[in-house]
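**Q** Put the complex together from the two separate chains, hints included.
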Amino acid sequence: MLRWVCVAGALISICAPLAITAQHTHAESPASDSQSIWSPGASGILLVTHASPAHAGRSLTEGYLSQPMIMLSGHDRSDRLSLNSIVDFEGLTLKRGELNAGMFGEGYVDRRHPHTYLHELVVTGTTAIGAARASIAVGKGFVAFGTPDPMTRPFAKYPVNHHLSQILERALITGAVRTGPLLVEASSFNGDEPTSPSDWPESKRLFDSWSVRGTLFPVAGIEVQGSFARVKSPELDAGGGLDQRKLNLSFEHSHEGTRIPHHVLAEWARSADYSGSDEAFAFTSFLIEGEAEVRGFTFAGRVERTERPEEERLANVFRTARPAQDFSILGKTRWTVETLALSRGVRAGSARIAPFIEVSHARPVAVLRPTAFEPRDFYGARSLWSVSIGARVSVGMMHTSAGQYGAASRHAPSTMGHMH
Amino acid sequence: MSLPVAALIVLSSVGCKDSDPFDPGAVMPGPITFKVDGLGEVPERFTAELTVRGDVAYTSTWGGRTFNGVRSVGNAIKIWNVAGSALTLVDSVIVPNATTLGDIQVSDDGKLLVVATEFSPGSIAVFDLTNPLKPALVSRFSSANTIPGVHTAEVERVNGKLYAFLCVDLAGITFPARLVIVDLSNPASPVEVMSRVMGSPFVHDVFVREGILMTALWDAGIAIFEIGGAGRGGTIANPVQIGSVATEGGQAHNIWWLHDPVTGSKKFAFVGEEGPALIGTASSGDIHVVDVSDMTKPREVAFFSLAGAGTHNFSVDESRGVLYAAYYNAGVRALNVRGDLGNCTPAERAPDGRCDLAKMGRDLGGALTDQQVPVYVWGVQFSGSKLYASDMLNGLWKLSTQ
Numbered sequence: 001m002l003r004w005v006c007v008a009g010a011l012i013s014i015c016a017p018l019a020i021t022a023q024h025t026h027a028e029s030p031a032s033d034s035q036s037i038w039s040p041g042a043s044g045i046l047l048v049t050h051a052s053p054a055h056a057g058r059s060l061t062e063g064y065l066s067q068p069m070i071m072l073s074g075h076d077r078s079d080r081l082s083l084n085s086i087v088d089f090e091g092l093t094l095k096r097g098e099l100n101a102g103m104f105g106e107g108y109v110d111r112r113h114p115h116t117y118l119h120e121l122v123v124t125g126t127t128a129i130g131a132a133r134a135s136i137a138v139g140k141g142f143v144a145f146g147t148p149d150p151m152t153r154p155f156a157k158y159p160v161n162h163h164l165s166q167i168l169e170r171a172l173i174t175g176a177v178r179t180g181p182l183l184v185e186a187s188s189f190n191g192d193e194p195t196s197p198s199d200w201p202e203s204k205r206l207f208d209s210w211s212v213r214g215t216l217f218p219v220a221g222i223e224v225q226g227s228f229a230r231v232k233s234p235e236l237d238a239g240g241g242l243d244q245r246k247l248n249l250s251f252e253h254s255h256e257g258t259r260i261p262h263h264v265l266a267e268w269a270r271s272a273d274y275s276g277s278d279e280a281f282a283f284t285s286f287l288i289e290g291e292a293e294v295r296g297f298t299f300a301g302r303v304e305r306t307e308r309p310e311e312e313r314l315a316n317v318f319r320t321a322r323p324a325q326d327f328s329i330l331g332k333t334r335w336t337v338e339t340l341a342l343s344r345g346v347r348a349g350s351a352r353i354a355p356f357i358e359v360s361h362a363r364p365v366a367v368l369r370p371t372a373f374e375p376r377d378f379y380g381a382r383s384l385w386s387v388s389i390g391a392r393v394s395v396g397m398m399h400t401s402a403g404q405y406g407a408a409s410r411h412a413p414s415t416m417g418h419m420h
Numbered sequence: 001m002s003l004p005v006a007a008l009i010v011l012s013s014v015g016c017k018d019s020d021p022f023d024p025g026a027v028m029p030g031p032i033t034f035k036v037d038g039l040g041e042v043p044e045r046f047t048a049e050l051t052v053r054g055d056v057a058y059t060s061t062w063g064g065r066t067f068n069g070v071r072s073v074g075n076a077i078k079i080w081n082v083a084g085s086a087l088t089l090v091d092s093v094i095v096p097n098a099t100t101l102g103d104i105q106v107s108d109d110g111k112l113l114v115v116a117t118e119f120s121p122g123s124i125a126v127f128d129l130t131n132p133l134k135p136a137l138v139s140r141f142s143s144a145n146t147i148p149g150v151h152t153a154e155v156e157r158v159n160g161k162l163y164a165f166l167c168v169d170l171a172g173i174t175f176p177a178r179l180v181i182v183d184l185s186n187p188a189s190p191v192e193v194m195s196r197v198m199g200s201p202f203v204h205d206v207f208v209r210e211g212i213l214m215t216a217l218w219d220a221g222i223a224i225f226e227i228g229g230a231g232r233g234g235t236i237a238n239p240v241q242i243g244s245v246a247t248e249g250g251q252a253h254n255i256w257w258l259h260d261p262v263t264g265s266k267k268f269a270f271v272g273e274e275g276p277a278l279i280g281t282a283s284s285g286d287i288h289v290v291d292v293s294d295m296t297k298p299r300e301v302a303f304f305s306l307a308g309a310g311t312h313n314f315s316v317d318e319s320r321g322v323l324y325a326a327y328y329n330a331g332v333r334a335l336n337v338r339g340d341l342g343n344c345t346p347a348e349r350a351p352d353g354r355c356d357l358a359k360m361g362r363d364l365g366g367a368l369t370d371q372q373v374p375v376y377v378w379g380v381q382f383s384g385s386k387l388y389a390s391d392m393l394n395g396l397w398k399l400s401t402q
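Residue numbers (this note's numbering), protein chains in the order written: chain A, 1 to 420; chain B, 1 to 402.
Pulled out of the complex, with its shape left as it was, chain B reads as follows (with noise of 0.2 Å):
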């Protein structure tokens, strides 16, 4: 799509503001209205992670919930039809010796779904999605590595070919926390390319694009490495580390490197600092941004906090500039990330030097939080012209953006 057509559709889909200062060039997003289309109630398990792709979502579940005298483990997959505003429960797949399923992604080609399994032992399951309504499994993959859990796995395509990212879990002093990555080239028999310690304590998550790999590392927050897209020699096997930064506060949970489609800017990238939080209740942790347009010395330069609550999974629409953003108990937030973040008047500027986007007018609105029902968000996805929101407490959420 050619950057004018891309500037219309933002035109004509979101009300728009005033242009950056700092970046004259940039058509920035206005404030968002957020309408409910639907939820897809999910009563007797904790709801995680999502994924979407056309007219068909799969949540992951979490932890043990009791409903109705019964406890429930989160070891299933729901499988939900989304082409309504109802969203529709089509089946669920029950994943064995799993009580919690973190992360689930399905793969650019549509072709394979990957869910993470805890706790010990840890492993990924493969599903073929030939028929998407009905995910079939291919493979269980596991390792010496992977023995304590797999908390996340993301799924990405490096020089072509397909793999999976697991963060594992850290057992104590005597197994420390790890990332393993797994060549899913043949799905039927996931290959182990990679595994390295990192991470402090944890390595929670990662995010891959253009063949850098960058890495949560919790309380030494993130560091970025070359796996084939920078010219350091780094490969997926080898990665080599390119830089690194402490994010403000630590906590480093998970990333989004953006890629502005309107201005071209790669600059930043937005990091979810998880803190403490008392699920259904309460959460911590601010969005931090790092400009790494020298990767070799990534800064942090900008951050996002909301008083009561705290971030934890992102989605992108790039093509607009909005960051959404999963906020436990407060719902979702939508924040204007387009154009220079890091160039703020002195008014906005935290006392650490750091330009606050509240400040700055970047926060575009939320949502849910007006339901009649508490919420606690894990994660959001934006597909099509729609918000998808996972609700450890209720389900799915479909959400309109105006």
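Here chain A stands alone, though its shape is the one from the complex (with noise of 0.2 Å):
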């Protein structure tokens, strides 16, 4: 507890000042539409989740300091030039990991893992070329792959697919280029998954790794999304584990300014384990999402359906042996997951606060038998309950935005050249 009190009066020191002294800082505002060149900020979540059962029929109840991240974006006058960053503190407050059923990786398992300390650090350039617009950034963070990371979304806890949809905390380098209504984008960099909060991309692995992803904005509000990436050994950073052909497609509608806005995201995602030119594992999952905000209240719900590997786990069960000295997993269980949050944030002054009470059920089952992994008998239950209580906290400009560099941000101006 002593730590969470130090790690959010350190952000709320930190970043108060930025926040008043940045010329004009809209909070859930992109940099590009303020004055400002620089834009700080601060956030984090403050919650208490009761996860009935959490295993072998017992309950738990914790509390916990998610996501506590600062962040500072900028550009230069010319918008040629700009950078992304969030440090990110779960390395403090989240070390046992958040109850967050049906979500893996990193060695956690029904616990969501803390992101590495140094999140998002990315600079890039960005030109016209006749009337599209190009860019390249390089730095540590989020792949061109996938659907828009969970922190940037309505939810305290992650869906289940993260590790299907998302592919970050990467040294990379990305090419965009947008032109009318196509974007297209290519990243290379290291495979290798984190292996703690402080934990840097291997040296060795840099940019043996890629990934496209085409995007098509038919009309305003719409996109559509696919994305392809081929990712070597991210569970073994020494190299020579399994190797992952990822697929992801998603369609997303927004609708801002009207009586009611509101936002929908539906994604089909498809992660294979390769030995060789062999495929060993599949998972897939759908997922679909969409929050609307009515009279100041924010109504958001989320169902998915994915399928995860179950690996052995230590003597803490919500942990797994990493990295595995093998590649066999016990088991394939499918996730039916449904999620519902009501939220209303307060203004105060560049300041925010949101309480939320969110509220999900699952249901895994195996999805091979005969299996090593039978979800019924370990959690002692066919259904898994979760309700978090607590409230969303931010100071200045909040990171909505994770992974749009250059041309490929989504509130870029059209043309090269715009003056703040």
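Mixed in with the good hints there might be a few duds.
Per the computed footprint, the stretches of chain A lying under chain B, defined by three or more beta-carbons under 8 Å from a beta-carbon of chain B, are [to be verified]:
| hint | segment |
| --- | --- |
| 1 | 206-220 |
| 2 | 232-243 |
| 3 | 275-283 |
| 4 | 330-343 |
No lab work stands behind these hints, which were simulated from the structure alone.
The structure presented is a predicted model; accordingly, all values stated were derived computationally and were not measured.
Don't be surprised by glycine CBs; every beta carbon is placed ideally from N, CA and C.
**A** Rendered as structure tokens:
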């Protein structure tokens, strides 16, 4: 608890002055809309989660400071050079992981893992080529693949498909070209997943993996996206592990400025593990989520059906052996999760606080039998419930567009040379 | 045992087949019929490796399993009386601070039982077998080189001294996998005599015989070291590499260097490839045959592949020329490994030139796939006239072979 208080205090003390000194800061608005060159911000979620059951028929209730971050984004006056950065303090506040039934990855299972301290640090150069815009982004951040990061979406709890649908915290170089209604991005990056909050991309693995993403904007408020990635040995930082081939298709609809602003995201994802050219395992996901704002209240709902691997767990049942010493998994479980959230934001100057309640219901079932992992036996129930109550707190600029660098920015000016 | 006597035993105990056309002196084993004598059930944990000596068998346990609402981790050694067809569980020994016990092995003199433990802090537990049914812990060895976990531990004698060869887990790029050799001359106080980083990315297992150390290095295939048996100056403390070969497909997991007492051949080593697997359901990986007659230039000459399943550990009845392979979801397979496995007709070759043991008619049959329950066989051991199989899902099987 002391650690949380310290981190929260540090965030407030660092960011409040930044927010005040910014020439003109819009919470939850893009930097390019403001007169500021630099847009600092900080955010975090204080919450209590009750999971029933969490494991073996037993319920757990825990409190967290989740997603504590400070951010700094900016660009030069010509908007040709920009910076995106996020420092994430989950390594201090979420060492044991956050209860999140179905979530898996980076050595955690049924708890969300902490992200790395340097979550994002990307410098982007953008230019105009005729009517098109092109950019090159370099640094550590979000790979051009899949759907927006869950941190930028309306739920405190992550979807099960996070590691199927996003690739992040990689050393990358991303090129993007936007012309008319078409955006094409390509990334080259290190395949290894972080192994701890203080981990850095392995220098021997730089640019051993790649992705491409195409996005079509047929009309205002609609995005249709398709992306593919080949990720080299993500689970073994030394290399030599199974490779992944990932596919993601999505549809997004946004409507702002009406009586009922709303946003809908639907996606399908597939991630397959390969031993050489042979497909070993494949996991698919379908997810649909939406949010709408009515009279100051934000209602959000999400339904997903995602398959995940079951890996050998340690004595701590929320942790898995990492790296695994062979390429075996215990089983494959399909998670059907329904989540509802309600929140209401209140502003106080450049600060915003949004109390929320979030309820989810999950049903895990074994996809194949016989299986070495029977969810009903492990959890002690067929249905898993989770209730979270808390508040999102933010000061200054909020990070709303993870991985949309340069020409991929949804809020970028349509022509170069736009002066602020 | 003289060669004629051994040959007579082969003739009397196994249905005979024609001799190997490429090695006319060899008497070939014929098809094998398996009969299940009994099953010692282990429902609450996943069973891992086995070791059998006389009428006593020991099985290790693996991972975590939930049974009747209770989750148990793989920290138990099961002790079995296997004298009769009904396998009797005599006792269980819990090894503290372990979640998986992979390898388990009785020393060649029957005095010690050595068990590998995972995960961190990795170790080996050394038990005294003065009373084989009541193993008594005499030491627990760990060092800075075993911290992530000991995946396998082979107990072998080199120049009269007993050693344990520990394959230590990879813990990421900052702690590569390594082989650690421990002197067990004084079981109460094991001494680490060698540690060397090896494997790409894992070193998974070793096979030691006549002063030769063979290591299974996953994608790097196998490497052969001299540790006192080939006059290359190698020692236990400083193994000298003689040769290596990257086996087809990599994922080299385990090795058996065959010494055929009937033909005198020491030409072939068998390498188990452990491909991706879904425990309880599916597995993958072939058996690779490596010609080690020139240890400086080992080369893969043959393979055995079984559709829908992959191999795991081996046990070879060398007097009969039969290799028994644990085959996970395909139970147990028996292969005829007598004669020249690298010499086959064009029709028996794969496109890459290797001989296909299945096409050569060397698959002698299998067992345990006809049971009422699914099986997932981790290990096998031929002992006496019986074959024992450790099954992750069910426990310990005892089989007769005819």
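**Q** Cut-off 8 Å, C-beta pairs, minimum 3 residues; does the coverage of the segment 275-283 of chain A by chain B stand?
**A** Held - the segment 275-283 of chain A has 5 residues with a Cβ nearer than 8 Å to chain B, which meets the minimum of three.
**Q** Three residues or more, CB to CB closer than 8 Å: is that satisfied between the segment 206-220 of chain A and chain B?
**A** Check failed, 0 qualifying residues.
**Q** Using C-beta distances, would you say chain B covers the segment 232-243 of chain A, given that this needs three or more residues below 8 Å?
**A** The restraint on the segment 232-243 of chain A holds, since 7 of its residues have a Cβ under 8 Å from chain B and three suffice.
**Q** Does the segment 330-343 of chain A contain three or more residues whose Cβ lies closer than 8 Å to a Cβ of chain B?
**A** holds (count 3)
Violated hints amount to a single one, hint 1; each of the other numbered hints is respected by the structure.
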